[in-house]
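Residue numbers (the working numbering), protein chains in the order written: chain A, 1 to 214; chain B, 1 to 294.
Hint data in this document are derived by calculation from the structure and do not stem from the laboratory.
Don't take each hint at face value.
What the hints assert, rightly or not - Chain B regions said to be covered by chain A (calculated; three or more residues, Cβ under 8 Å): (1) 23-35; (2) 194-205; (3) 238-252.
Said to hold, decoys possible - For each label pair, taking beta carbons as the anchor points, the in silico distance ranges come out as: (4) Glu35(A) with Thr167(B): 16 to 26 Å; (5) Asn249(B) with Thr141(A): 52 to 62 Å; (6) Gly236(B) with Arg42(A): 52 to 62 Å; (7) Pro34(A) with Glu19(B): 38 to 48 Å; (8) Gly189(A) with Pro71(B): 31 to 41 Å; (9) Asp211(A) with Ser89(B): 40 to 50 Å.
Backbone N, C-alpha and C define an ideal beta-carbon position, used for all residues, glycine too.
Spelled out, the chains give:
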Amino acid sequence: MCCGEKTDLCYTHSWIAYRHKHAAMSNLTTLTDPELMSRIVRQEQAALAELYTRFGGPVYSVARHVLQDTGMAEEVTQDIFLKVWQQAITWDEERGKLVSWLLTMTRYTAIDRLRKEQRRPMRASSSIDDLYDLIADSEQTDENLRLEGETLRGLMTQLPQEQTDLIKLAFFGGFSHSEIAERTGIPLGTVKTRLRLGMQKLKHLWLAANDDHR
Amino acid sequence: MSKQNAQQQPNNMNQTLCEEALALLPAYALGATDADETRLVERALQACPEVAAELVEYQALAVALLHSAPPAQPPAALGERILAAAAASAPAAALPKPTVMTAKPAVTVAKPPAAKRRATPWGWLAAAAAAVALLVTNGYWFTQVQELRMQQADLSAQQDQLSQRLTARNSVIERAAEGQLTRIELTSVDSTSDGLPAAIVLVSPDGTVGAVYTRQLPVLPPEQSYQLWFLDGATGTAVSACVFQVRENGNGQSWLIDVAQPLDLSQIGAMGITIEPAGGSPQPTSDPIAAVEV
Numbered sequence: 001m002c003c004g005e006k007t008d009l010c011y012t013h014s015w016i017a018y019r020h021k022h023a024a025m026s027n028l029t030t031l032t033d034p035e036l037m038s039r040i041v042r043q044e045q046a047a048l049a050e051l052y053t054r055f056g057g058p059v060y061s062v063a064r065h066v067l068q069d070t071g072m073a074e075e076v077t078q079d080i081f082l083k084v085w086q087q088a089i090t091w092d093e094e095r096g097k098l099v100s101w102l103l104t105m106t107r108y109t110a111i112d113r114l115r116k117e118q119r120r121p122m123r124a125s126s127s128i129d130d131l132y133d134l135i136a137d138s139e140q141t142d143e144n145l146r147l148e149g150e151t152l153r154g155l156m157t158q159l160p161q162e163q164t165d166l167i168k169l170a171f172f173g174g175f176s177h178s179e180i181a182e183r184t185g186i187p188l189g190t191v192k193t194r195l196r197l198g199m200q201k202l203k204h205l206w207l208a209a210n211d212d213h214r
Numbered sequence: 001m002s003k004q005n006a007q008q009q010p011n012n013m014n015q016t017l018c019e020e021a022l023a024l025l026p027a028y029a030l031g032a033t034d035a036d037e038t039r040l041v042e043r044a045l046q047a048c049p050e051v052a053a054e055l056v057e058y059q060a061l062a063v064a065l066l067h068s069a070p071p072a073q074p075p076a077a078l079g080e081r082i083l084a085a086a087a088a089s090a091p092a093a094a095l096p097k098p099t100v101m102t103a104k105p106a107v108t109v110a111k112p113p114a115a116k117r118r119a120t121p122w123g124w125l126a127a128a129a130a131a132v133a134l135l136v137t138n139g140y141w142f143t144q145v146q147e148l149r150m151q152q153a154d155l156s157a158q159q160d161q162l163s164q165r166l167t168a169r170n171s172v173i174e175r176a177a178e179g180q181l182t183r184i185e186l187t188s189v190d191s192t193s194d195g196l197p198a199a200i201v202l203v204s205p206d207g208t209v210g211a212v213y214t215r216q217l218p219v220l221p222p223e224q225s226y227q228l229w230f231l232d233g234a235t236g237t238a239v240s241a242c243v244f245q246v247r248e249n250g251n252g253q254s255w256l257i258d259v260a261q262p263l264d265l266s267q268i269g270a271m272g273i274t275i276e277p278a279g280g281s282p283q284p285t286s287d288p289i290a291a292v293e294v
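Bound conformation, chain A alone (with noise of 0.2 Å):
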């Protein structure tokens, strides 16, 4: 099928070999996160190539919990990962730990094609900038953080369903109190009640959680 060695169409027709042999070459996979971002700043699309295989998974995985669609989940991916292509010099390491950056592009972008497809109100969108306040986080390693991931996972199913279900709605539906309460009906004081009450409680738990970590 395709092409000589060393053209990007041959890049395109063969993912595995072409990532293999070059990130072997360059021995990409030992970069820290950095490094990666300014080889893609100088357009190496090896560098690319990691940076999907780091990421792609946990990118892809908010894009679909938001979306609840495979088809709309891979469009958000592939624009997260093409930003990331053309404006990676965006990306300040003082700032924020790339995973969480990728993951508050990838939610917020992710909720404006939901409110596209249902025609509901665009909101006020964060700028790239804007979105360092969101996601100033620790210096955790990225297998930490996906622990916590899971821990916060099992620590949700502690809480009553009906708080559970508003902070997943409010979160990964992007949906405001005054949106909520219209869409479920329940009248918007509790939806305020039950939101609070439930993110309290989760805080709670999620602290006591890491206490007993220490």
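Go by the hints and put chain B onto chain A.
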């Protein structure tokens, strides 16, 4: 209305704002507040230190929520498609194109023959004036370049400071998420104060990571700063925790940066905020305006 009542009214209004915002904070961290509620919380973040302190924990929780989406496996072909789209997109779209200077076409214009000029003293005077002008403009440009260099050095220093603050802020969020920060309230020494804390300090057990949120402190002139001190309970010596200013509304926040000789929380006997010369002092030079025994 008595003077005391007049003072109490804004405080009560402020307290109501803070309480309403605290109730909305969990939804705000999720992005679920409606536009008017978002404005209320953002107003309160400027006015209520306890709201700003509480938000740190909810933001950390929201980051963890991002990672809680159930794992899903992307289709095998998606990676290939992304790489193909990247290859097809304009390379280095974000990078500015280099400027290409093109030479103007050479046009020869026939000049009229120069009239024979007579050397006059005015010519010498004009040359001398031109030389002086050249010296003056060279001096001007030299000054400009020096000024730009100084501005560049200032900017670089500002960038370092900003980076240091962001690192400190991230550490606070990390420790808050791990439930490692102890909350300590400092009360104003002014007996006429409303009794609410003048400052809230969040601090890690080793005393190196933390933040201070203050409310309704007077705005200081540029030659003065506020300074937070930790006092060693055993020796009575003071360790500077941070130097900060407050906003026009009297509220402020700062991160503990470069604590020179950190004290364990168990060693700290008291905390206090004093007014010091701009940039801070090695040891307190005035009585605290707010303090607490730990």
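Quick one: which hint numbers does this structure break? Sort them smallest to largest.
Failing hints, ascending: 2, 3 and 5.
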